[in-house]
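K.L.:
As a plain string of letters, each chain reads:
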Amino acid sequence: MTQKFNLTIDGKSHTVDADPDMPLLYALRDDVGLNNPHFGCGLAQCGACTVQLDGQAIRSCVTPLSAVGNGKITTLAGLGTPEKPHPIQAAYVEEQVPQCGYCINGWIMTAAAFLATKKNPSEAEIKDALSGLKCRCGTHISILKAVKRAATMMG
Amino acid sequence: MTKFEKTSSFSRRSVLLGGGALVVSVGAAVSLDTVLSIGNAYAQGAKPPLTPDQLSSYIAVNADGTVSAFFGKMDMGHGLHVAIGQIVAEELDVPFKAVKVIMADTAYTVNQGGASGSTGIQLGGKQMRMAAAEARRVLVEMAAGLLSVPIDKLAVADGVVSATDDKAKRISYKEMIGGKYFNVTLDWNKQMGNALYAPGKAQPKKPSEYKIVGQPIKREDVAPKVFAIEDFVTDVKVPGMVHGRMIHPAIAGAVPVKVDESSIRQYPGARVVWDKGFLGVVADKEWDAIQAAEKLKVEWSQVEAPFPDQAKLYDHIRKAPVRKAEVEKQNGNVDEAFKTAAKVIEADYEWPFQSHASMGPACALVEIKDGNVTCWSGTQKSHFVQQGVAATLGVPVANVRVIHKAGPGSYGRNDADDCASDAAVLAKAVGKPVRLQYMRDQGTGWDPKGPASTHKARIALDASGKVTAYEFTSKAFSRVDVDTNGSKPFDTLAGQAQGVALKSGDGFGVPAESYAFDNKRMGWETIPPLLERSSPLRTSHLRDPVGPQIHFASESFMDEVAAAVGADPIEFRLRYVKEARDVAVIKAAAEKSGWVTRTSPRKDQTGNKVSGRGIAYSQRNGTRVAIVAEVDIDRSTGKIFARKFTVAHDCGQIINPDGLVKCIEGNIVQGVSRTLWEEVTFDRKAVTSVDWISYPILDITETPGEVNVVLIDHPDIPPSGAGEPSIRPVAAAIANAIYDATGVRIRRVPFSPERVKAALS
Numbered sequence: 001m002t003q004k005f006n007l008t009i010d011g012k013s014h015t016v017d018a019d020p021d022m023p024l025l026y027a028l029r030d031d032v033g034l035n036n037p038h039f040g041c042g043l044a045q046c047g048a049c050t051v052q053l054d055g056q057a058i059r060s061c062v063t064p065l066s067a068v069g070n071g072k073i074t075t076l077a078g079l080g081t082p083e084k085p086h087p088i089q090a091a092y093v094e095e096q097v098p099q100c101g102y103c104i105n106g107w108i109m110t111a112a113a114f115l116a117t118k119k120n121p122s123e124a125e126i127k128d129a130l131s132g133l134k135c136r137c138g139t140h141i142s143i144l145k146a147v148k149r150a151a152t153m154m155g
Numbered sequence: 156m157t158k159f160e161k162t163s164s165f166s167r168r169s170v171l172l173g174g175g176a177l178v179v180s181v182g183a184a185v186s187l188d189t190v191l192s193i194g195n196a197y198a199q200g201a202k203p204p205l206t207p208d209q210l211s212s213y214i215a216v217n218a219d220g221t222v223s224a225f226f227g228k229m230d231m232g233h234g235l236h237v238a239i240g241q242i243v244a245e246e247l248d249v250p251f252k253a254v255k256v257i258m259a260d261t262a263y264t265v266n267q268g269g270a271s272g273s274t275g276i277q278l279g280g281k282q283m284r285m286a287a288a289e290a291r292r293v294l295v296e297m298a299a300g301l302l303s304v305p306i307d308k309l310a311v312a313d314g315v316v317s318a319t320d321d322k323a324k325r326i327s328y329k330e331m332i333g334g335k336y337f338n339v340t341l342d343w344n345k346q347m348g349n350a351l352y353a354p355g356k357a358q359p360k361k362p363s364e365y366k367i368v369g370q371p372i373k374r375e376d377v378a379p380k381v382f383a384i385e386d387f388v389t390d391v392k393v394p395g396m397v398h399g400r401m402i403h404p405a406i407a408g409a410v411p412v413k414v415d416e417s418s419i420r421q422y423p424g425a426r427v428v429w430d431k432g433f434l435g436v437v438a439d440k441e442w443d444a445i446q447a448a449e450k451l452k453v454e455w456s457q458v459e460a461p462f463p464d465q466a467k468l469y470d471h472i473r474k475a476p477v478r479k480a481e482v483e484k485q486n487g488n489v490d491e492a493f494k495t496a497a498k499v500i501e502a503d504y505e506w507p508f509q510s511h512a513s514m515g516p517a518c519a520l521v522e523i524k525d526g527n528v529t530c531w532s533g534t535q536k537s538h539f540v541q542q543g544v545a546a547t548l549g550v551p552v553a554n555v556r557v558i559h560k561a562g563p564g565s566y567g568r569n570d571a572d573d574c575a576s577d578a579a580v581l582a583k584a585v586g587k588p589v590r591l592q593y594m595r596d597q598g599t600g601w602d603p604k605g606p607a608s609t610h611k612a613r614i615a616l617d618a619s620g621k622v623t624a625y626e627f628t629s630k631a632f633s634r635v636d637v638d639t640n641g642s643k644p645f646d647t648l649a650g651q652a653q654g655v656a657l658k659s660g661d662g663f664g665v666p667a668e669s670y671a672f673d674n675k676r677m678g679w680e681t682i683p684p685l686l687e688r689s690s691p692l693r694t695s696h697l698r699d700p701v702g703p704q705i706h707f708a709s710e711s712f713m714d715e716v717a718a719a720v721g722a723d724p725i726e727f728r729l730r731y732v733k734e735a736r737d738v739a740v741i742k743a744a745a746e747k748s749g750w751v752t753r754t755s756p757r758k759d760q761t762g763n764k765v766s767g768r769g770i771a772y773s774q775r776n777g778t779r780v781a782i783v784a785e786v787d788i789d790r791s792t793g794k795i796f797a798r799k800f801t802v803a804h805d806c807g808q809i810i811n812p813d814g815l816v817k818c819i820e821g822n823i824v825q826g827v828s829r830t831l832w833e834e835v836t837f838d839r840k841a842v843t844s845v846d847w848i849s850y851p852i853l854d855i856t857e858t859p860g861e862v863n864v865v866l867i868d869h870p871d872i873p874p875s876g877a878g879e880p881s882i883r884p885v886a887a888a889i890a891n892a893i894y895d896a897t898g899v900r901i902r903r904v905p906f907s908p909e910r911v912k913a914a915l916s
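In order, the protein sequence lines correspond to chains U and P. Going by this note's numbering, 135 is the number at position 135 of the first sequence; the sequence numbering is gapless. Each number in this note's numbering comes from the position in the second sequence (counting from 1) with 155 added on.
No lab work stands behind these hints, which were simulated from the structure alone. Among the clues, some could well be false.
[Said to hold, decoys possible] Using C-beta positions, here's what the derived DEER-type ranges look like:
1) U:L43 - P:D838: 18 to 26 angstroms
2) P:K912 - U:E123: 20 to 28 angstroms
3) P:D415 - U:T2: 18 to 26 angstroms
[What the hints assert, rightly or not] List of simulated lysine-lysine pairs, DSS-like, C-alpha gap at most 27 angstroms:
4) P:K373 - U:K145
5) U:K145 - P:K799
6) U:K84 - U:K148
Every residue, glycine too, gets a C-beta built ideally from N, C-alpha and C.
Turn these sequences into a full structure, and let the hints steer you where they fit.
P.N.:
Here's what the structure looks like:
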């Protein structure tokens, strides 16, 4: 039933022995022991589980292990550090965005992937790129400010 | 001449010891023994009991000189801990960064009520202020003794007490008490929870002396979240832990009659926990527990589908028997005034069930070891969960420790408390620590709901258009069908599923405003729940419990009356609003938004794209908020864009203006979401809004373009709450703006595109 998978997560190799149908989320959280991303819905409806696979933002809660292949996985913890933050992380701190903070994997990982390919986006483009992500605390105004700030930083 | 300046009676030894005047607060000269005992009198190595009457229950100076503030409430995302740290640092005269606020761990804090009713600063902060002030008083008194300097010749800066006329005479808090505990009794009012108050002898500072309170200090917990360093409750792991999942019936009210455990034996460690209506599984791995819960073969009891047709929900409420009725406010003779009215205006309003729909479903971890229980929970009320878990497991409360960890959002009595009790039942049954997280459909489908309601308002006018009488009555499901916390098994899903005797409560509320009408009556009626036991439509507190419902109705109605008498909506309100602070927020919102005096609706627009503006105002436990909403409406689609909000907010003294603005922005955005989108759906069998598709909330593409906040600071008025008051008038402000734009009054929330389009056609 189970199968061995070699995963590259935040630049490190991990071997996971698990059901090929198991979503990547559980491998990251339970097998590798990362405390991000989060389980929000298990339905790809909210974004709390978002990681990047080869730079693309994906919902790890519906991505089976068998679909990961040799792709490089980046999680929020691997995006940047307090010493060397990704611009969107720096902007998030500067704008004091999160309230409960449970949603931020979705917004930050999606915004980082978007900003990597889109320079100087308009507000409408930012909203469009982030549409579908959920924040229940209602921090959307600060999220938009942070993404705009990060876009400026990334020039 | 102060009492401390009588040097003649000092003993020789005390003078030798201290080299100067010795001072204690009792005012008498003291002996060497007293000097030596000063330290022991106020500081001791052994920890006093964790009771509300002990200073050590709130404040400790650690061995390294930092300060721990033990706070029996908790932050739910607004940065409350920053404000509490500011208050404590201010009163203690220590740097803000020296204070660490420890929140709502039952092993370290007393029950200050948890997150409740926007009282974090109003009541929780009040107590922490008094405790910190008392700690400073005691420390200065100790320093006076140890330095032999009169109290009035001492100053404190950064946790160091020094003589004002001889800076060499100095001693730090750390040197006096670092690593020890205060041995000081407070004057506790014998109340627990929100009402707990235990001041010492100290007077807190005057607001004019503040250096830290009022500053826009940033949250230090943002970066750890942004860099994925900080753990949530979902991240806690303990050795030997297994994963749990719960199973609920497809028809609410059904209970398992046959469970085939062999159907999940392929999953390592899989076990069924079944007790009457309680059904859960555990497995070694989380993914296996999820699959086991899905695959478990269960035969359910045959029950009648318990719910009415949703299309008839409001008919049901209106026709249902009244279980409790209460008139909360009354003056004059309302019935008589209506008999003699020249004109009567009446309207009915409706508000649906709404879900907390927290960002993630609740999670709890329970470990039972040697008769002691540890529960990690994202609850808003850990001390109450401590009681609930103890009752569920049949152990003394003292044997249960609840550690609060940030959860996936919390806006009242969400699913967190139920999850803690469910996890406790699972952990006891399997004899291992159990981490339980609900699934999305359980978080949204089975959390306690904000009550659906109807509201009837009527006003009597005389021939001149003056209001002579006003009556406002809500008829609704109770706000406390299950209580605001899980301290009693009959208020938890686990208890209800296991068959405990039920005790549904009754409560609702009335508008909070200061309209001065000669004859006025405001009250409510509650009706029984649709299903008495283990109901996915049981009702309880959802952010600003019943406030959005009531004020949607009452403030929409004031607009209707303004239109009926041909008055500008703000001018009409100001004719009757009595309290000066209420008038001030209304005027501030009007001014900041550039309000132009005219009647509603506008008459200068044609075409499908129209815009409007609306005002609503309310109070909430001392706080006053006025909101001007500006909305755009596409008549062809019914889609509303709540484009701009101007919020005037007065919560008395402001502790942290930046934190306050963020808190208000969240209230407005969540308020827009609840007004435009949110409605629990159900069929005869069960709740059918179970995820983000079936229970939509506001999307970022619908985020207001602007939220302008006007903070009105009253440094000399004790702070009231901010966590909820500004969500209260949002729906009415939007409804009034829709009316202004279109001339159509929508009296049922949510204002979904279909409903708006239908109303406009």
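K.L.:
Is the hinted pair U:K145 and P:K799 satisfied, with a Cα-Cα distance of at most 27 angstroms?
P.N.:
Cα-Cα ~16 angstroms, so holds.
K.L.:
Within 27 angstroms, alpha carbon to alpha carbon, are U:K84 and U:K148?
P.N.:
Distance of about 19 angstroms is within 27 angstroms: holds.
K.L.:
Taking the Cβ atom of P:D415 and the Cβ atom of U:T2, is their distance within the range 18 to 26 angstroms?
P.N.:
The hint (18 to 26 angstroms, Cβ to Cβ) holds, given that P:D415 and U:T2 are roughly 24 angstroms apart.
K.L.:
How does the Cβ-Cβ distance of U:L43 and P:D838 compare with 18 to 26 angstroms: does it lie in that range?
P.N.:
holds (20 angstroms)
K.L.:
Can you let me know if the beta-carbon spacing of P:K912 and U:E123 is within 20 to 28 angstroms?
P.N.:
holds (27 angstroms)
K.L.:
Has the given pair, P:K373 with U:K145, been kept, meaning a C-alpha gap of at most 27 angstroms?
P.N.:
holds (16 angstroms)
When held up to the earlier numbered hints, the structure conflicts with none and fits them all.
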